[in-house]
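**Student:** Given only the sequences and the hints, what does the whole structure look like? Please build it.
The lines below spell out each chain.
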Amino acid sequence: MAAQPKLLGTLPSPFVYRVIWALKLKAIPYEFIEEDLTNKSPLLLKYNPVHKKIPVFLHGDKPVCESMIIVEYIDEVWPQNPLLPNDPYEKALARFWVKFAEDKATSVWRMFRSKGEELEKTKKETQEMLQTVEEHGIGEKKYFGGDSMGIADIAFGSVVYWLEVIEEAVGEGAVFEAHRFPRLHAWIKNFKQVPVIKENLPERDWMVTFFKNRREALVGSA
Amino acid sequence: MVESKYNMAEEIKVFRSWSSPFALRIIWALKLKGVEFDTVYEDLTNKSPLLLQYNPIHKKVPVLVHNGKVICESLVILEYIDETWKQNPLLPEDPHQKSNARFWAKFGDDKVSSSIWSDVLMKEGKEQEEGISASMENLKYLEEEIRGKKFFGGETIGLADIALGWLAYHLVIFEETLGLKLIDQEKFPSLAAWKQEFANAPIIRENWPDRDKLVTKFVVMREANLGKGTPK
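For the protein sequence lines, the chains are A and B, in the order given.
Once you know that position 32 of the first sequence is 32 in full-length UniProt numbering, the rest is easy, because the numbers rise by one and skip nothing.
Once you know that position 72 of the second sequence is 72 in full-length UniProt numbering, the rest is easy, because the numbers rise by one and skip nothing.
Please keep in mind that the hints were generated in silico from the structure rather than gathered at the bench.
Treat the hints loosely; a few may be bogus.
Think about it this way: if two alpha-carbon atoms lie no more than 30 Å apart in a straight line, the pair counts; the simulated DSS-like pairs of lysine-lysine are [to be verified]:
#	chain 1	residue 1	chain 2	residue 2
1	B	K59	A	K124
2	A	K124	B	K111
3	B	K140	A	K40
4	B	K149	A	K46
5	A	K26	B	K86
6	B	K59	A	K52
7	B	K106	A	K124
8	B	K86	A	K99
If you anchor each label on the Cβ, the simulated ranges turn out as follows [unchecked claim]:
#	chain 1	residue 1	chain 2	residue 2	range
9	B	K47	A	E90	43 to 51 Å
10	A	E216	B	K59	37 to 45 Å
11	A	G171	B	Y41	47 to 55 Å
12	A	N190	B	D184	48 to 56 Å
13	A	A178	B	T156	50 to 58 Å
14	B	E127	A	T132	27 to 35 Å
Even for Gly, the Cβ is constructed at its ideal location relative to N, Cα and C.
**Tutor:** This is the structure:
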């Protein structure tokens, strides 16, 4: 019998959680290997020599790197509870939004690391990103994937939940305002209530403390 | 829905500019699969209302319109094309090999191309030297990946080849214009061989943009970036 697949990661990385959600939504058993990014393991360096980053997914002895590439791989190998529609056009729409999340959501992480003028700039960028998704991405759908969750929900779920935490940890004014982004607020509420997601979200208070401490170490006291 | 004169004809339209390497990917993919299509050339300094309607978010080329369905983002379009027209596949069947192809296409766009463009081609002096150093590190990974293979896709051109394709033509021209060489035969023999193979491959070789026009455009862009642009 084949060994369980392995997920190399650290918590609470939002990129790692994307993979965890995909695995849990499909009820795929796996072994989690916690990495210390200040002291990267030989396994990590062997299986992701190019980026030396987590997550890395190991299936047999074959590695897959890059969180959303891993999610698509998982969806292809384990087709139960599909994360992508069958129709190529619907697939393209989902992938468009995944790419948008990948390219534009960096403003959230940059917001986390900045202060003063730079912070204001990244806050604005983040809101512009949210505005685009609010207007063009989610529409009146329950999830990006329609009636059930898909890859775009996974991609944005990791962005928006972490944004909510980072916003609080930074503590310099709201970014993800409910009156400005009503559709996204409805969507993230639905997202967090999906049983598999609910059981696999890092605890919010712990996260806020974690990010407050990290931010202080990175940018100093406010 | 617009009624077509030709009831059985499919609407396949590609919005491109003459120079965009991203749009060129779509041209290659459709031609490699023998799919007939219409081309709409965009002047990116004066974007058409249709382009802005079809790609309101990025306002960029390429855009593919297939029977009224609009798809944006070149790598997304490539996967759509591969799933819709199955002849001459650009991606392998095996999920692991597929994820590998996607990895290298993403590495190409995120790391290789962006650093060569922003940190080498659009810079000079010490900044450019640092950019060259960083780019060399990235190119080493490509060299290892292509070693022993004709194309990144194996025996036939695949997604990663198409994504990295500009290295085999545009970059060569820009290197010559600047008198520098990133992918030289001695340091990167396998990658240099791939460049030859790809640049001269059927279909690919017939669709490169005009060399002189490309040099002119590149020089203008570089000078603008370096703050030396002179009004014309």
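**Student:** Hint by hint, note whether the structure agrees.
**Tutor:** Going through the hints against the structure:
1. B/K59 to A/K124: Holds, at roughly 20 Å.
2. A/K124 to B/K111: holds, 26 Å
3. B/K140 to A/K40: holds, 21 Å
4. B/K149 to A/K46: holds, 22 Å
5. A/K26 to B/K86: Judged against 30 Å, a Cα distance of about 28 Å means the pair holds.
6. B/K59 to A/K52: Answer violated: B/K59 to A/K52 is near 34 Å, above 30 Å.
7. B/K106 to A/K124: holds, 27 Å
8. B/K86 to A/K99: holds, 24 Å
9. B/K47 to A/E90: 43 to 51 Å: violated, 27 Å
10. A/E216 to B/K59: 37 to 45 Å: Given range 37 to 45 Å: holds, Cβ gap about 39 Å.
11. A/G171 to B/Y41: 47 to 55 Å: holds, 50 Å
12. A/N190 to B/D184: 48 to 56 Å: Since A/N190 and B/D184 have Cβ atoms about 54 Å apart, the given range 48 to 56 Å holds.
13. A/A178 to B/T156: 50 to 58 Å: holds, 51 Å
14. B/E127 to A/T132: 27 to 35 Å: holds, 32 Å
Of the hints listed earlier, those the structure fails to meet are numbers 6, 9, in rising order.
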